[in-house]
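There are 2 protein chains.
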Amino acid sequence: MSRTKTEFRALAVRVRGEVRAGDNLAKVLLRGMEESEVTLQAGDVLVVKHKVVSKAEGRLVKLETVRPSAASRTWAKRYDLDARVTELALRESKRVVRRKRGVLITETRHGWVCANSGVDVSNVDGGTHALLLPEDADQSAAKLRRDIKRLTGIAVAVIISDSFGRAWREGLTEAAIGVAGMKPLDDLRGRRDPHGYRLRVSLEAVADELAGVAGLLCGKLKQTPACVVRGFAYPAGQGRATELVRAAAFDLFR
Amino acid sequence: MSRTKTEFRALAVRVRGEVRAGDNLAKVLLRGMEESEVTLQAGDVLVVKHKVVSKAEGRLVKLETVRPSAASRTWAKRYDLDARVTELALRESKRVVRRKRGVLITETRHGWVCANSGVDVSNVDGGTHALLLPEDADQSAAKLRRDIKRLTGIAVAVIISDSFGRAWREGLTEAAIGVAGMKPLDDLRGRRDPHGYRLRVSLEAVADELAGVAGLLCGKLKQTPACVVRGFAYPAGQGRATELVRAAAFDLFR
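Protein chains in written order, with my numbering: chain X, 7 to 260; chain B, 7 to 260.
In case anyone wonders, no lab produced these hints; they're calculated from the structure. Among the hints, a few may not be true.
One copy or two, it doesn't matter: identical chains are merged, so the pair holds either way.
Said to hold, decoys possible - Listed next, the in silico DMTMM-like pairs over lysine to aspartate or glutamate satisfying Cα-Cα at most 25 Å (straight line):
# : residue 1 : residue 2
1 : 33        : 13
2 : 189       : 176
3 : 106       : 249
4 : 189       : 141
5 : 228       : 193
6 : 68        : 98
7 : 100       : 141
From just these sequences and the hints, can you work out the full model?
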C-alpha cells in the first residue's frame, strides 16, 4: 500500500462589500482571494455561489416594477407571500412541478427543479429586490474560467452553485447549476473494484458534491460567496451542469 | 474584515484488506488512520462509507441462501436481474416507491428512499454475497464515536454514508444515513444576513454535504472507506440522521 496521503483542502474566499451589476466577477473574486490569503493554483476548483454571479450579471429585479397576475395575487394572498416574487418565479419557470401550502416547486428553463425557480429575496437589499438565477450558469462558469485564465494564466475548474431542496430529505444542499473546465459526473461504469468485480451504476455527481463543499464553507452570514477546493482530481474534460438534469423519462423518482 | 483564513481539510483513510463480521471497526479505522498518517483530533468529523460498517456488523448475506418469491423471480427475469437481490431489497423495505424498467426504488425501514433498499452486490466478494445497510446506522455511528473516545480519548463527530440517486438530477451523491456527535441540519432560520434581513428557509443539510466529501475522496476503487474532515465547525449537539428523513406530508417534491 502506498503511504501517499490523499487529501483535499477547501479554502473560503471572502468578498468585501456588495457585488454590483457590471462588475467583473473574476477581478472581484481574485481580489477576495488576495485578501483571504488564498493563492490560486492550477487544478483548483473554484466554487461560487450563484448570488454573486447573478448580481454581477444584473439579475436583480426591483420588486416594485413587477406586476403580478391575478393568479399570482390569489396564491400569494392565500399564503401570506409576496405576489411579485410568485410572479417572477412563474416567469422564470417552464413548468410548475408542485404548488401546495404556499410552496411553489418549478422546473426552470435550464431544467432545474427547485423552489420558486431559484428566485431569492431572503437576503437581497433588505427585501426590495429579487435575485434571479443566471440566464445560463454554464456560460457564466465558462466566462469566469476564461477571465481568470486571462488575468492570472491559471486554469481552474469552475462550479456555480445554488441551494436546493430535495425530495425525501430534509434541508437544503448546494447543487451545481454551472460547470466549466471539468465534467460534472465521474463515470466509473465498467471499471473494476479491488475484487475485479465490474461496477455497474457508479456515476458520481462530483460537481454536486463539490458544490456541497461551498455549502459547508461559504456561510450566508459570513460574506464568503466562494471557495477554492485544492487537491481534488476532478474528471477532466469540458462538461456542463446541464448534464446533471435527469431526463424525465429516466427519472424513476418522479 | 478579519484576515483569518477559513478552511477545512479532508483526509482519506485507507484500510488494508477486508473488514469481517465481528471486527471492531473503531480499531480497524484507527489502524487505517495510522497507516494513512492521519492523526485524529478533537472536533474532527469522521465520515465512513456504510459498507465497512455493514461488513463489521455482519450484514453480508450469502445469495445462495435467499429464496426469492415468485413475484421477485418474475420481475428479475424480465429485466435480467438477480431475483435474490430483488427479494432482499423488498425484505429490507417498508414500501415500494417506484418499480419500473428494472429499477426498484423503495423506502427502507429507516425512511431512506433509495434504489434496492441500499442492498449492494456490485463489489462484495465477487457477486456471491449481498450487503445490506446497517440495522440502525445512527446507533452504528454512536457506537463508533463511543469506541473511538474510549480508545483514544478524542471526541469526534461520526457520519455514516451511502450513495443515493436523487429525483431530478443525474448521478449519485453520498448521503448521511447515520450521525453521532453533531446535528445533521444547521438551522439558520431566524438569523440575520449581513443586511439585517432575516433568513427564512435556511436549514442546511450539513451531514449530507459532509457525506459528499467522502464521495469526493473515498473512491470505490481506492480502498479508502473513510475520511476525516478537519476544521469544519459542525452544528453542536446530539443529532440523528433520521432527522434528515422528510415526513411525507411535508414533502412537496413527492
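Quick rundown of the hints versus the structure:
In the homo-oligomer, the alpha carbons of residue 33 and residue 13 lie at most 25 Å apart only across protomers (22 Å), although the nearest pairing inside one protomer, at 29 Å, exceeds that limit. Taking the closest pair of Cα atoms, residue 189 and residue 176 come within 25 Å of each other only across two copies (13 Å); inside a single copy the shortest separation is 28 Å, beyond that limit. Taking the shortest alpha-carbon separations for residue 106 and residue 249, only the inter-copy value of 22 Å comes in at or below 25 Å, while the best intra-copy value is 29 Å. With identical chains, the CA atoms of residue 189 and residue 141 are at most 25 Å apart within one copy only, with a shortest distance of 21 Å there and 36 Å across copies.
For a Cα distance limit of 25 Å, the shortest separation of residue 228 from residue 193 across copies, 15 Å, qualifies, whereas the shortest one inside one copy, 35 Å, does not. In this homomeric assembly, residue 68 and residue 98 come within 25 Å of each other (Cα to Cα) only inside a single copy, at 15 Å, whereas the closest approach across copies is 52 Å. For the identical chains of this complex, residue 100 and residue 141 are intra-copy neighbours only, at 13 Å inside a copy versus 42 Å across copies, given an alpha-carbon limit of 25 Å.
Checked against the numbered hints listed earlier, the structure breaks none of them; every hint is satisfied.
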